[in-house]
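The chain contents come next:
2 protein chains.
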Amino acid sequence: MPEEMELNPNQHKRLQELNQALDSGMFVHVRRMLHQMPPCDVALLLESSPPAGRKVLWQLTDPEQHGEILEELNEDVMEGVLQLMAPETLAAATEGMDTDDIAYVLRSLPDSVYQEVLEQMDGQDRHRVEAALAYPEDTAGSIMNTDTITLRADVSIDVVLRYLRLRGELPEATDALYVVDEDDLLLGDIPLSTLLTVSPNVNVREVMDGNAETIHVSMDENDVAALFERHDWISAPVVDEQGKLLGRITIDDVVDIIRENAEHSMMGMAGMDDDEDTFAPVVKSTQRRTFWLAVNLCAALVAASISNMFESTLEQLATLAILMTIVPSMGGIAGNQTLALVIRGLAVGHIGEGNSRWLIGKEAAIGMLNGIIWATVIALVVTLWKGDWTLGVIIAGAMFINMSLAGLAGVTIPLLMKKFKIDPALAGGMALTTVTDVMGLFSFLGMATLVLA
Amino acid sequence: MPEEMELNPNQHKRLQELNQALDSGMFVHVRRMLHQMPPCDVALLLESSPPAGRKVLWQLTDPEQHGEILEELNEDVMEGVLQLMAPETLAAATEGMDTDDIAYVLRSLPDSVYQEVLEQMDGQDRHRVEAALAYPEDTAGSIMNTDTITLRADVSIDVVLRYLRLRGELPEATDALYVVDEDDLLLGDIPLSTLLTVSPNVNVREVMDGNAETIHVSMDENDVAALFERHDWISAPVVDEQGKLLGRITIDDVVDIIRENAEHSMMGMAGMDDDEDTFAPVVKSTQRRTFWLAVNLCAALVAASISNMFESTLEQLATLAILMTIVPSMGGIAGNQTLALVIRGLAVGHIGEGNSRWLIGKEAAIGMLNGIIWATVIALVVTLWKGDWTLGVIIAGAMFINMSLAGLAGVTIPLLMKKFKIDPALAGGMALTTVTDVMGLFSFLGMATLVLA
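Protein chains in written order, with full-length UniProt numbering: chain E, 1 to 453; chain H, 1 to 453.
Keep in mind the hints are simulated off the structure, nothing from the lab. Every residue gets a Cβ at the ideal spot worked out from N, C-alpha and C, and that includes glycine. Careful: at least some of the hints might be erroneous.
To be verified - Footprint (simulated), chain H over chain E, 3 or more residues, beta carbon under 8 Å: (1) 102 to 112; (2) 227 to 239; (3) 284 to 293.
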């Protein structure tokens, strides 16, 4: 059982120290501390601060680091910080950032500000960023960098080595150079480790990997992440229809996608947006959560209207009211177990047309087996508790029906949603619970009405 | 809203083709197809197959690839496959695998088999694997590789380059070489990109990064993952107390941890084990899910015993029974929203002692605001539906109390669990729902009894 990550003790202490220094107005001290921290740690501190402290902290950070801090922030927090920056300061901050990171930051600005920032950037940067922004969000194009180093196939490794020494530093996370022809068509790649281990006298063509896998610029970013994860890549080249090299995607951006996706499933199942800032202001958070609560109120009212159909039965026997929440509750849990399994299976790519029928059969069988087990248990409990075996039989019947249905619904609901392009992580749980609540109440109260009437 | 990943169309087709070929007994054809696929794709196919097909498929895979396929499989599926292998075949399969991957595979074997496999391995490999197995699971030591390339500080880059050419291939995912003294104390590192860009005449000492951050061998793997994610590392050196270099951790293992953690939160909240194989046999799956259903039955019986306290009130007015599920349901959803936010916040390290009080205040405020909103809405709905404003006032009061409590419970329950080292992702949801169910029923039926008595 993995434990959760946490701020390590040092960061904790630093956060408390900073907060104390802020509270006592020791801004010079705070500024010095912030300037000495790496940008990623400053970003974590900002994300871990309530909104008021966040504003003050940002004013005290090193303007030189603004770009690097921004790209590390999550979307919600970044939006808040961007509102504190003038367009020309922002344009200055983007200098030296990777193209895809600038695009990520600019995408969250209102249109007017965004144009202003673009105008403040220097010509070449603006051109690159505009190109990046032209690719749809969530595609390979939107997360690629254009800072590739390209080689020609007919030069010798020795020439390459001399060129690299002349050039100095390589772009971050470079693990391979790309070989292209005069039309920029990708011919292959050479890992840095190959450059270091082959003889300097051979030609690039002889040692390059000509079968290097490429990523099409319009590929969905989730498919990109799946490829990286499966192949343990560190970076991969991005090409267009013709096979022209457009840029490269690096593992750090892919890690962000993997985390976001996983958070999306987890937060989505609880009816939350995965962008939500942990320390967002009260009113904003309340607004965001309203939709889901409204949907749930409707679902709860639907369930109540089911019991309403059986009002006269409930009048006859109040014990039914006491027992009627048990069957829906068990169905909801069993269904949610199946649902979580299927959502994960869809997310990691295990479930497709070839095996979904098998999966439906399996989960239906588990549902029925669960139904038999829990019907027996609840029959015993209720018979002993209420001293009435008729009630025991009724609740057992309802339990069997609802648990069997829950297994089936837990797998068919997400598969159907997927087919109709509805996100099962977001809407699956609510749909499922409504089904198991309605069916649980209906079968229990319905059978009770038939038997006791 | 990110879409889920899926088997891409090619893989889908391949899976169907394979299944058809298997069904019609064309084993030679299947074998040929499997042998031509990269190990990671074979692993995905195995994971996407029901157990019966999985057995047949494994027999047809290329024994040369067995090691690489095994390390890509998830734990549950791997255990199934290991049962099909004799110890000596398994020992042969581990040849050439990374130490940490061999340790991962061996950890899931029963003790007797595990000893037998170790005995079948050649001396040096066995020694390395035993060393890896000596580190506790889930620490940096258990995920590190020992295949580092080390340099001395006083040699020239030219000598290093000649050594590397002589050596040939570098270990996978090598992005830096490590500089150590005669006692193996880590002095610094040199990224491959530095080796390629500096003058060959300088000494290692002059160009190495002497402030390279290191990972202590007993650090929790989740802290390791957080560091990698924050610093965009590709690999990092692992050291002992004295600062001796023991090995290195690479990003591919970290990506696995990040995904596992995120899946753990998501599956855990639904009462599922994150190791669960999507295509596990029915009986095994049912067993695994029983515990959580049993816990839930207890929780549901607790809730039923609350309504039982108000049996005479329920006898007087069946409408109460119809309405009594609404308040617990809304409290459960609101509480779960907060819970998901806090679990995510703990997982990414945003929440610590410095800010948890602020967070409790914020979520309590959201709970009260939610309470006011939904109390008003439900008062109107119930008054209109049942034509009785007294009922409307009663349910509104209960809604306010329960929603306020839900916000508070959603943040305090996971923080308390964390303090007592209980995993909030696993147990938080059930604890929370029990609280909101009990409080919802108690406040609604309690107030109804007071008012209507």
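For the stretch 284 to 293 of chain E, do at least 3 residues have a Cβ located nearer than 8 Å to some Cβ of chain H? holds (count 6)
How does the stretch 102 to 112 of chain E fare against chain H when you require at least three residues with a CB closer than 8 Å, holds or violated? violated (count 0)
Do at least three Cβ atoms from the stretch 227 to 239 of chain E come closer than 8 Å to Cβ atoms of chain H? The restraint on the stretch 227 to 239 of chain E holds, since 6 of its residues have a Cβ under 8 Å from chain H and three suffice.
Violated hint: 1 only; the structure is consistent with all others.
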